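Chains as they are written, first to last, in the numbering used here: chain A, 1 to 438; chain B, 1 to 271.
Think of the hints as simulated: they come from the structure by calculation, not from any bench.
The structure presented is a predicted model; accordingly, all values stated were derived computationally and were not measured.
Each residue gets a CB set at the ideal place from its N, CA and C atoms; glycine is no exception.
Take these hints with a grain of salt, some might be off.
To give a feel for the contact side, a few chain B residues facing chain A, derived at Cβ under 8 Å [unchecked claim]:
#, residue
1, R69
2, G164
3, G168
Simulated crosslink set (DSS-like; lysine-lysine; CA at most 30 Å straight-line) [stated by the list, open to error]:
#, chain 1, residue 1, chain 2, residue 2
4, A, K434, B, K127
5, A, K419, B, K127
6, A, K182, A, K8
7, A, K434, B, K158
8, A, K350, B, K127
9, A, K84, A, K325
10, A, K350, B, K129
11, A, K374, A, K84
12, A, K419, B, K129
13, A, K113, A, K124
14, A, K196, A, K325
15, B, K258, A, K434
16, A, K434, B, K33
Chain by chain, the residues:
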Amino acid sequence: MSTETNLKTRLITDFHAREAVMNGEASSEFHQKKRAGLAQFEQLGFPTIKHEEWKYSNVRDLISVSYDFNADSSIGLAELEDLKVPAQEANILYFVNGRYNAELSTIISPVEKVTISALSEAYKNDPAKVASHFNELTKDAEDAFTALNTAFTQDGVFIHIPDNQSVEHPIILRFVSDAREKNVGSQPRNIISVGKNAHVKLAEAFRTLGEQRSFTNAVTEIHVAEEANVQYYKVQNESDNAYHVGTTQVRMLDRSHFYAGTVTLNGKFTRNNLNIVLDGEHCDAHMYGLYFPDGSQHVDNHTVADHQKPNSESNELYKGILRDKSKGVFNGKIFVRPDAQKTNAFQSCKNIVLSPDATMNTKPQLEIFADDVKCSHGTTTGQIDEEALFYMRSRGISQPEAMSLLMFAFCADVVQQIKIDSIREYLENVITQKLASK
Amino acid sequence: MRITFAGNYHELSFKYKSVMLSINDLRASIEGKEILKGINLEVKPGEVHAIMGPNGSGKSTLASVLAGREEYEVTGGNVVFDGKQILELAPEERAAEGIFLAFQYPVEIPGVTTINFLKTAVNEIRKYKGESPLDAAQFLKMVREKAKLVSMNDSLLKRALNEGFSGGEKKRNEIFQMAVLEPKLAILDETDSGLDIDALRIVAEGVNSLRSPERSTIVVTHYQRLLDYIVPDYVHVLYKGRIVKSGPKELALELEEKGYDWIKAEVEAVG
Numbered sequence: 001m002s003t004e005t006n007l008k009t010r011l012i013t014d015f016h017a018r019e020a021v022m023n024g025e026a027s028s029e030f031h032q033k034k035r036a037g038l039a040q041f042e043q044l045g046f047p048t049i050k051h052e053e054w055k056y057s058n059v060r061d062l063i064s065v066s067y068d069f070n071a072d073s074s075i076g077l078a079e080l081e082d083l084k085v086p087a088q089e090a091n092i093l094y095f096v097n098g099r100y101n102a103e104l105s106t107i108i109s110p111v112e113k114v115t116i117s118a119l120s121e122a123y124k125n126d127p128a129k130v131a132s133h134f135n136e137l138t139k140d141a142e143d144a145f146t147a148l149n150t151a152f153t154q155d156g157v158f159i160h161i162p163d164n165q166s167v168e169h170p171i172i173l174r175f176v177s178d179a180r181e182k183n184v185g186s187q188p189r190n191i192i193s194v195g196k197n198a199h200v201k202l203a204e205a206f207r208t209l210g211e212q213r214s215f216t217n218a219v220t221e222i223h224v225a226e227e228a229n230v231q232y233y234k235v236q237n238e239s240d241n242a243y244h245v246g247t248t249q250v251r252m253l254d255r256s257h258f259y260a261g262t263v264t265l266n267g268k269f270t271r272n273n274l275n276i277v278l279d280g281e282h283c284d285a286h287m288y289g290l291y292f293p294d295g296s297q298h299v300d301n302h303t304v305a306d307h308q309k310p311n312s313e314s315n316e317l318y319k320g321i322l323r324d325k326s327k328g329v330f331n332g333k334i335f336v337r338p339d340a341q342k343t344n345a346f347q348s349c350k351n352i353v354l355s356p357d358a359t360m361n362t363k364p365q366l367e368i369f370a371d372d373v374k375c376s377h378g379t380t381t382g383q384i385d386e387e388a389l390f391y392m393r394s395r396g397i398s399q400p401e402a403m404s405l406l407m408f409a410f411c412a413d414v415v416q417q418i419k420i421d422s423i424r425e426y427l428e429n430v431i432t433q434k435l436a437s438k
Numbered sequence: 001m002r003i004t005f006a007g008n009y010h011e012l013s014f015k016y017k018s019v020m021l022s023i024n025d026l027r028a029s030i031e032g033k034e035i036l037k038g039i040n041l042e043v044k045p046g047e048v049h050a051i052m053g054p055n056g057s058g059k060s061t062l063a064s065v066l067a068g069r070e071e072y073e074v075t076g077g078n079v080v081f082d083g084k085q086i087l088e089l090a091p092e093e094r095a096a097e098g099i100f101l102a103f104q105y106p107v108e109i110p111g112v113t114t115i116n117f118l119k120t121a122v123n124e125i126r127k128y129k130g131e132s133p134l135d136a137a138q139f140l141k142m143v144r145e146k147a148k149l150v151s152m153n154d155s156l157l158k159r160a161l162n163e164g165f166s167g168g169e170k171k172r173n174e175i176f177q178m179a180v181l182e183p184k185l186a187i188l189d190e191t192d193s194g195l196d197i198d199a200l201r202i203v204a205e206g207v208n209s210l211r212s213p214e215r216s217t218i219v220v221t222h223y224q225r226l227l228d229y230i231v232p233d234y235v236h237v238l239y240k241g242r243i244v245k246s247g248p249k250e251l252a253l254e255l256e257e258k259g260y261d262w263i264k265a266e267v268e269a270v271g
C-alpha cells in the first residue's frame with residue numbers, strides 16, 4: 001500500500017471512528033454534509049499531477065507522512081509574541097492547530113454590528129443556521145481537499161454582518177500551527193456572511209511555531225450580499241516545513257464590491273484557490289496576489305472569476321519574485337457565461353525570476369460565452385530590468401540596494417492594495433527584510 | 001592608420017589648471033563590434049566640452065562607458081578621473097567619486113518615488129565617502145532648494161520616478177538630480193533630444209545655474225542648438241569612434257552650417 005493510500009485510508013478510518021461515538025448527532029444536517037464530503041473525498045482521492053488542476057503542483061510530498069489533526073497545544077501569549085501579525089485595534093481570533101482559543105482572542109466590535117464567533121460555538125447556539133450555510137458555496141466534487149475539509153470541519157469562524165452595518169475594526173483571524181513536537185494538521189472552515197450594504201475588512205494570517213511539519217487545509221466561504229463591500233486578505237508566513245492548501249469561495253450579488261489580497265511570504269508548499277462567482281450585476285471583484293518563494297518552496301495560485309450576470313467587472317493582478325530553486329504556478333480562469341454581456345475582465349500576472357533554477361508556470365484561461373465583453377490577460381516572466389538597475393547605480397546606489405528598491409517597487413502595487421494599515425506595514429517590513437537577506 | 005587630434009586640443013587648453021578627466025586611447029566594443037577606436041580627451045575643472053558628431057559615431061557610447069554601463073567592453077586605454085583610474089570602478093563608485101550621467105532616455109521606475117530614490121542615492125554616496133546620512137529634515141530642505149534652482153515642480157518629487165513624466169519633465173528631473181548630487185563632472189547625453197525650444201531653454205538654464213569653476217561638463221549632442229544655451233569652451237567632433245576635430249565654440253556653428261560631410265571627407269582623405 002502506498003503512503004498516499006495510507007493517509008487517505010487513515011483519514012477515512014478516523015472519520016468512521018469518530019462517527020461511531022457521535023450518538024444522535026450523526027443524523028444531523030451538519031453531519032450529513034460532512035459524510036457527503038467524505039464520500040466525495042473517498043471517490044476523488046488526493047490529486048496527482050495527471051489531474052489538470054494539479055499538473056504543476058505535486059502533493060506527493062505533502063501526503064507522504066501522517067499528521068495529528070487533534071494535537072493539543074500549550075501555546076500561550078508569550079510564545080505567540082514573535083508570530084504576531086500585528087494589528088491596530090481589531091477583532092483578533094486565534095485558532096491553534098485549527099481550534100478556536102477563546103483565551104487568546106479579543107472581540108471588540110459590538111454585536112449589533114457583527115456577530116463573530118467560533119464555528120463550534122455558533123453551531124452550539126444555532127445548529128440549523130450554521131448547517132444551512134455550511135458548504136453552501138463550496139464544490140466538493142471539484143476538489144478533493146475541499147471535500148476533505150468538509151468531512152473534517154471542526155472549527156473556524158462564523159461571521160455575520162447584518163444589513164447596512166459597517167464594521168469599523170478589522171477582523172483578523174490568526175491560524176497558528178504548533179508544530180514544536182510533532183507533525184500537526186488542521187482543517188479550519190470559515191463562514192462569512194456579509195449583509196446588504198454592509199462593510200467589513202477581514203484578514204486570515206497563517207503562522208507556524210516549531211520545526212515539525214504542519215499541514216493546513218483551510219476553506220473559507222464568503223457570501224457578499226447586494227451593495228456590500230468586503231476587503232479580504234490572506235497572509236501566509238509559515239515555516240519551511242509548512243504545507244498549505246486553501247480555498248476561498250466567494251459569491252457576490254448585485255452592486256457588491258470584493259477585494260482580495262493573497263500574500264505568500266513563506267511556506268514549503270502552498271496552494272491557494274480563490275474562486276469568485278459574480279452572481280450579480282454591476283459588481284466588481286479585485287484580486288491581488290504576491291509571492292516570494294525561495295529555497296525549494298512551491299507556491300501555486302489558482303483563481304477563478306466566474307461572470308454569471310451582465311455588467312460586472314473583475315480585475316486581477318498577481319506578482320511574484322522567485323529565487324533559488326523555487327517554483328511558482330499561476331492559473332487564472334475567467335468565465336463569462338452566456339448571460340454576462342458587458343463584462344469587463346482583466347488579468348495580469350508578472351514575475352521576476354532571479355535564479356536560473358527557479359521556474360514559473362503561468363496559465364491564463366479565458367472561456368467566454370457572451371459576445372459583448374471586454375477581456376484581457378497578460379503574463380510576463382523576466383529578470384530585473386537592467387536599464388533601471390544601471391540608472392540607479394549611476395546615481396550612486398549600490399547594486400544590492402538598487403535591487404532591493406526595484407523589487408520593493410515591483411511589489412508595491414500589490415502591497416498598496418492592502419487597506420488594513422497594520423497588515424500592510426507588517427508586509428512592508430517582512431518584504432524589506434526578505435529582500436535585504438539575499 | 002590611427003589619427004588623433006589631441007595636439008590641437010592641447011594648444012587651446014590652459015596649462016595651469018590641473019586635469020580633472022583624462023581619457024587616453026580609450027577603446028570599447030559591444031557584442032564584439034568596436035565602437036570607440038582610441039579616444040583622447042582632457043577636461044579641466046570648470047570647462048564645458050561639447051562632443052558632437054553624426055549618428056552612430058560613438059557619442060553615446062563614450063558617455064555610457066564613462067558612466068560604467070556594463071554592456072560595453074573596454075578593450076584598451078584608460079580613463080583617469082580626479083587622479084583615479086575609474087574603468088575598474090562600478091557605476092555606483094564612479095557616481096560617488098563625482099561622475100554624473102544625464103540620460104538620453106531617463107528610465108521610468110514605477111513604485112519608487114523621486115524623493116525616495118534621491119534620498120537613497122545621496123545617503124549611499126555619503127556612506128561611500130564615510131559621511132553620516134542626512135536626516136529627513138536636512139534632506140528635504142536641501143532638495144527643496146535644489147528643486148527651486150532648476151525650476152522643478154515639488155509635486156513631481158512625490159511621484160514615481162519619471163513615470164508618466166513628459167519628455168521635458170524627465171530631462172528636467174535629470175538636471176534636478178544633478179543639482180542634488182553635485183557631481184564634479186556632468187555628462188549630458190543628448191539632453192536636447194525630444195525637447196521643444198521652451199523645454200530646452202529651461203533645461204539649459206538649469207545646467208548653467210550649476211556651472212562653477214570646480215564643475216566640468218561634457219555635453220554630448222547631435223545638434224548645435226543646445227550649445228546656443230550651454231556655451232562650450234571646446235567642441236570636439238567624434239566620427240567612427242575617434243575625435244577627428246577639435247576647436248573653439250565656433251566649430252559648432254560651422255558644423256551647423258555645413259553639416260558633417262566636409263569632416264567625413266577630410267577624414268576619408270587622410271585615412
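Structure-based check of all given hints:
1. At a threshold of 8 Å, the smallest CB-CB gap from B:R69 to chain A is about 6 Å, leaving the interface hint in force.
2. The beta carbon of B:G164 comes no nearer than 14 Å to any beta carbon in chain A, farther than 8 Å, and the hint placing it at the interface is violated.
3. Violation of the interface hint for B:G168 is found here, the shortest Cβ-Cβ separation to chain A being roughly 18 Å, above the 8 Å cut-off.
4. Pair hint A:K434 plus B:K127 holds up; C-alpha atoms about 23 Å apart against a cutoff of 30 Å.
5. Of the supplied pair hints, the one linking A:K419 and B:K127 is violated, its CA atoms being roughly 35 Å apart against a limit of 30 Å.
6. Taking the CA atoms of A:K182 and A:K8, the gap is about 19 Å. The hint holds against a cut of 30 Å.
7. Our distance criterion of 30 Å between C-alpha atoms is met by A:K434 and B:K158, whose separation comes to about 25 Å.
8. For the hint linking A:K350 to B:K127, the alpha-carbon distance of about 34 Å lies beyond 30 Å, and the restraint is violated.
9. A distance of roughly 28 Å separates the Cα atoms of A:K84 and A:K325; the hinted pair therefore holds under the 30 Å criterion.
10. In summary, the hint linking A:K350 to B:K129 is not supported, as the alpha carbons are separated by about 38 Å, beyond the 30 Å threshold.
11. For the suggested pair A:K374 and A:K84, the alpha carbons sit about 42 Å apart, so the restraint of at most 30 Å is broken.
12. The straight-line distance between the Cα atoms of A:K419 and B:K129 is roughly 40 Å, outside the 30 Å bound, and the hint therefore fails.
13. Restraint check for A:K113 and A:K124: the C-alpha separation of about 21 Å stays at or below 30 Å, so the hint holds.
14. Between the alpha carbons of A:K196 and A:K325 the distance comes to roughly 46 Å, so the proposed pair goes past 30 Å and is violated.
15. For the hint linking B:K258 to A:K434, the alpha-carbon distance of about 59 Å lies beyond 30 Å, and the restraint is violated.
16. For the hint linking A:K434 to B:K33, the alpha-carbon distance of about 40 Å lies beyond 30 Å, and the restraint is violated.
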